[in-house]
Structures are given as structure tokens and as C-alpha cells.
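Numbering (this note's numbering), first residue to last: 1 to 257.
Calculated directly from the structure, the hints in this document are not laboratory data. It should be emphasised that the depicted structure is a prediction, and the values quoted were computed from it without experimental measurement. Each residue gets a CB set at the ideal place from its N, CA and C atoms; glycine is no exception. Accuracy of the hints is not assured; some may be wrong.
Claimed, not checked - Straight line, CA to CA, 20 Å or less: simulated DMTMM-like cross-link-like pairs of lysine to aspartate or glutamate:
| no. | residue 1 | residue 2 |
| --- | --- | --- |
| 1 | 63 | 103 |
| 2 | 215 | 196 |
| 3 | 68 | 51 |
| 4 | 214 | 204 |
| 5 | 101 | 113 |
Said to hold, decoys possible - Distance ranges between label pairs, derived from CB positions:
| no. | residue 1 | residue 2 | range |
| --- | --- | --- | --- |
| 6 | 174 | 203 | 15 to 23 Å |
| 7 | 203 | 114 | 32 to 40 Å |
| 8 | 89 | 218 | 23 to 31 Å |
| 9 | 41 | 89 | 36 to 44 Å |
| 10 | 109 | 204 | 55 to 63 Å |
| 11 | 71 | 231 | 18 to 26 Å |
| 12 | 116 | 60 | 26 to 34 Å |
| 13 | 215 | 43 | 51 to 59 Å |
| 14 | 149 | 18 | 25 to 33 Å |
| 15 | 109 | 217 | 17 to 25 Å |
| 16 | 36 | 222 | 43 to 51 Å |
| 17 | 95 | 43 | 22 to 30 Å |
| 18 | 215 | 99 | 22 to 30 Å |
| 19 | 207 | 231 | 22 to 30 Å |
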Amino acid sequence: MIRRLIILLLIVGCGSRLNTNPNEIQIITSDIDRFWSTVDNYEGDLSNALDKEYIKQGTNGLKDFIPKRIISAEALAEHYLDNKEYYNSIRESTLQVEKAKDEIVNILYEFKEIYPKAKFPNIYYIIGRMNSGGTAKNSGLLIGAEMFKNYEESIVTVIHELIHYQQPNILSFRVSLLTQSLREGCADFITSLLIDEEARMQPDTYKYGYIHEKKLWEEFYAVMNSKDSDEQYIWLYGGQAEDRPMMLGYFIGNQIA
């Protein structure tokens, strides 16, 4: 009961016109098919081919994934060619992501039981530049399929981003490190309730966090009200010392939740 109340306190539902039936979600993978077709069949300059065949013909989800992630056809082409061996290693997994749908739908039903107001957007699987596992946008949940060596690994990210989809959009405002950490930590916390206690965006971050929790609390407390973007980057997206994992703010937010 206490956990359920925490969830209700930390999540604010979104608009009423969105889908409320988990069975009606669509997992859209056409961008993946088009990406592989483009890199297999292009002639001449790959960036031109990706711009014409992949980006300009892309889904709304792909278009929402371009700012700060794919950036441009030129950036994607360069990254693909520099990491071609890796992309080829995850190719088969990206072509199987639709197999995750049954498990995702089952988890969505569990979420609906504890949060009846939940809304369920479509899920877009996309090929990007290996810099984002997922995000939640107006178009739906956007998942970077190339980030997962096995399509089943993407399910944790899907559910994490689903929780964000229920939350109010605060990213257009300058908010404190504490607010951002609660936003991310809450999403991780609820994901672990729905899937498994160990289901986290960054498992290594939590292993480190549990060992060094007291010191992390002291460091976080000193800067938790900061709205400085550099400070938030350090705690939420990277930038920690070499002997520390990224995203320790997720751990702090999870512990508060």
C-alpha cells in the first residue's frame, strides 16, 4: 500500500485523449527496416542515401529522435562507418524487436492495475548513433534499438520511458538537480516494481551506489538544489570521475522513492 501511494504521489497523469488499452499499442519498426535497406543498397555517399531514404522518409518517432541524438544524416553516416562491426553485431537483434511486444503488453497491464489513469503511447524502435537508449516524446516512446545486444534488454528502457510519459513535462524549465533525480529515480523505481528488483537502466550504477551510499548522499545533499546544467550532467548523464559509473542521480532518486 505504501509503495502504491508513493507511485500515485510521484506520477501525474497526462491527457485523456491518449490510448488507455495496452493491447492497442503499436510497436513501429519500419525505421529499422529502412535503415538496413539503405546501408545495404546505397551507392556513392552514405550520408546522402540516409538523408533521402532513412530520415526524410522516417516516422514521426524518427524525426523526434534527430535533435540531440541522431543530429543529421552526415553524423549518422560517419558514426555507422566508424562502428560498422558493432552495428553488424546487433543487426539480428534489431530485426527481432517486435518479439518483445507480448511481454511489454503484460507489463503494461500490471502498471494499469497500480495506476489506472495510465496512458500507453506507441513505441518506435529506431537506429541511432549509439548515444541514447530511449526517450519519451509527444510522438511516443522512442527506443534506440542499436543500444541493445538482445532485443529483450530493451524492455527495461521501454518501461522506464513509459513512466516518464506519465509524468509532467518539466524539461522545458530550469529545475533543480533534486527534481531531475526524483524524475529519473522514480521511473527506475517503478520499473523495478513491475519487472524485477534488479531491473534498472544502469545496474552497475546501483551496485556502486549501494556500496558508497553514505558518501554519495553527502555529496548530493551539498548540490541538490543546483540548477546548473554542468552539475546536472555530472549526476544524471555522465561526467563523473573515471572510477565512478554514470547516472548516479538515478540511484539517489530511486532511494528517495
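Hints versus structure:
1. 63 - 103: It is violated: about 27 Å lies between the C-alpha atoms, which goes past 20 Å.
2. 215 - 196: Distance of about 27 Å is beyond 20 Å: violated.
3. 68 - 51: This hinted pair holds, its Cα atoms lying about 17 Å apart.
4. 214 - 204: 17 Å, holds
5. 101 - 113: Since the Cα atoms of residue 101 and residue 113 sit roughly 19 Å apart, the hinted pair holds (cutoff 20 Å).
6. 174 - 203: 15 to 23 Å: 30 Å, violated
7. 203 - 114: 32 to 40 Å: 23 Å, violated
8. 89 - 218: 23 to 31 Å: Since residue 89 and residue 218 have Cβ atoms about 41 Å apart, the given range 23 to 31 Å is violated.
9. 41 - 89: 36 to 44 Å: 20 Å, violated
10. 109 - 204: 55 to 63 Å: Distance hint for residue 109, residue 204 is violated at roughly 30 Å.
11. 71 - 231: 18 to 26 Å: For residue 231 against residue 71, whose Cβ atoms are near 25 Å apart, the range 18 to 26 Å holds.
12. 116 - 60: 26 to 34 Å: 28 Å, holds
13. 215 - 43: 51 to 59 Å: For residue 215 and residue 43 the Cβ distance comes to about 56 Å; the hint holds.
14. 149 - 18: 25 to 33 Å: 32 Å, holds
15. 109 - 217: 17 to 25 Å: The hint (17 to 25 Å, Cβ to Cβ) is violated, given that residue 109 and residue 217 are roughly 36 Å apart.
16. 36 - 222: 43 to 51 Å: 48 Å, holds
17. 95 - 43: 22 to 30 Å: 23 Å, holds
18. 215 - 99: 22 to 30 Å: Once the Cβ atoms are compared, 42 Å apart, the range 22 to 30 Å for residue 99 and residue 215 is violated.
19. 207 - 231: 22 to 30 Å: The hinted range 22 to 30 Å holds for residue 207 and residue 231, with Cβ atoms some 24 Å apart.
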